[in-house]
Amino acid sequence: MAGTVEDLQRRLAVLRDQFVQELPQRLSRIGALKPPAVGAWADDTAADLRLLAHSVKGSAGTFGFTELSARAARLERLIAQAMAQIAIASGEQKHAIREAADALTQAGTIDASAVQAAAPRRPGRATKTLYLLDEDPDRSIGLIEQLRQYGYQPEGFATAEALLIAVAELEPVVVLIDGSAEETPERAIAAVIALNADRDPPIPTVLLAGRDDLGARLAAVRAGIDIFLPWPAESSELISQLDHLATLDDHAPYRVLILGAEPIEANRTAALLESAGMQTRVAPASLRILEALAEFPPDMLLMDAALPDCTGTELGAVVHQFPTWSDLPILYLASAAEVERQLASGAAGADDFLVKPVPANRLRAAVAARAERRRSFRALIAQDPLTGLLTHRAIDRRIVAEVARADRMDRPLTLAILDIDRFRALNQRHGYPVGDGVLRSLALLLRRRLRRSDQIGRFGGDRIAILLPETAPELAEELFDRIRIAFAGMTHGGAGVAVSTSFSTGIAASRAGRTAGELTRAAELTLLEAKQGGDGAIRVEES
Amino acid sequence: MSERFPPLDRILYVDDEPDIREVAKIALEVMGGFTVHACESGEMALAEAPGFKPDLILLDVMMPRMDGPETFAALRQIEALNAVPIVFFTAKAQRAEVQALLELGALDVLAKPFDPMTVAQTVSEIWMRHHGWDG
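Protein chains in written order, with our numbering: chain A, 1 to 543; chain B, 1 to 135.
Just so you know, the hints here were simulated from the structure itself, not pulled from any lab data. Keep in mind that this is a model prediction, so the values were computed, not measured. Check each hint, because a few of them may be wrong.
[To be verified] Simulated pairs of lysine to any residue, SDA-like, Cα-Cα distance not exceeding 25 Å:
#: 1; chain 1: B; residue 1: K25; chain 2: A; residue 2: G64
#: 2; chain 1: B; residue 1: K25; chain 2: A; residue 2: R374
#: 3; chain 1: B; residue 1: K25; chain 2: B; residue 2: H130
Only chain A is shown next, with the shape it has when bound in the complex (with noise of 0.2 Å):
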């Protein structure tokens, strides 16, 4: 059975960290066996560093530090270009073997702090484990089949004993519990006391209440209960709730883009970040900043407020000029003196300084609450609101750039479009609320189930546009189908309302000279098609 995302990530980082811890070590070993500045230095010596080189450049790589991994790639190259001449290293070679030594070292500074930094909030916590304390085994069951269609491990405990010996176990990602049943929700809340009591940080709880008045709203939040969910409710709602509460840790890394005068400066301060979990690119000279945002898009832009060929703030005013990047945080590294100047000329009143020498943590605190910024104003426009997939326009343009990409790499790109038959009558029968709850429902499944790379959107009404890179049709085809299965035995509703549905499915891939027009209609064409076939009919355009 294959995992998912959140797994790989959760035990890639552990592992990530455990090369952060042992690289001082690595690299003291470099240091050690690098040429004498004077002196014969041993042909096995060289061959040992170069051996470490080429392993420190392959685990940087896999592990995304990519400074790291090209100083470790020159090094290597100069080692192995010395030891394939017949004569002895020249002194000039060793000298160049002795810099990317060094240069290897340095970009490789890291402090505890970092690694810190870096660490999961939470290490020994399993990321889709839930825990639900309910005493009605009937309504456990029902609950429990629910959670697990979105992606969840839920396990069912009937007493507040039991669920504590299990909490102690391994702690679960939520925990739910039930009070449901009860006039006023007092054992549940004294659960969740004895389950938080002495524990830092405390495990997040949603509270289901069978009652929603303000008396038990204020016991729920003294009790340090995180959701308070009047019950029944929609199980979108339940789960949307889940997810926030699941996911407050999880994060692609933020890209960082590195302007800086000193090259030396600049790498270090990419390593810096880069210890903290960030990926970074320094950008190689003022002048070609715009082609450095196009091959590398960043959350934020850092440089130098004093440059070889222009101001720091007088690049960024150019920046901004560009739509693209029109919201895009810069922070400006500044010495005290520049700071004062640009203030007193006026031209600083909207930008943003740190002065130099910035303490490290203090700077990727800086960066990182810059990038966290755009990246949620970002999410923000091109989310749908009512489902929180993307918007029609943005998964357009998503549609437009990964065609491009799979005609230049010769990769393949499927998209799927889908819609909830007879979703008119649905929202005629039970109403728009209802119709609104299937639509949240199906797409909440849609990105439990797919990949973080696959793009999903919106089209309108109940249409929804699912972009796969890397995917063949006859894979998507089978995916869908897997999904369809899980959304049929799914009830949507609230109060007194048990409905279910399904949806239909076309899929067309893109091909050679094939527009991202072309590709959208080839789509809907083959979902109209699907659709006479009858319900829940899953259709590939042919090829």
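Fit chain B to the known structure of chain A by using the hints.
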């Protein structure tokens, strides 16, 4: 689809780098659901491959002592294994090197460092293509 292709389950992964070996093993197991046996050298692969009976072998090119191509040649001498497809991983991935590896009889050549998120899918696709899929 599973009816059309023989299933890919057992993968032998050979790499001297402990970090990368661990990442590859986890990525293939977690994302691909494969059964992965990792070996730290060509010698170890030769000793353990016949017992493990892999469906597919992933082989690092640059290893100390016995490198990838040497391991490849030695594996081909083992009768029980000479039909098992072999895919190379290489950090160089230059045209001439890739060409040379393919001429040796490798099924495919993948670049290092690989993306742990997608490597399982890439391997699946190589497997399916090997069995006649033209996606």
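Inset, instruction - If any of the earlier hints don't hold here, list their numbers in rising order. - result: 2
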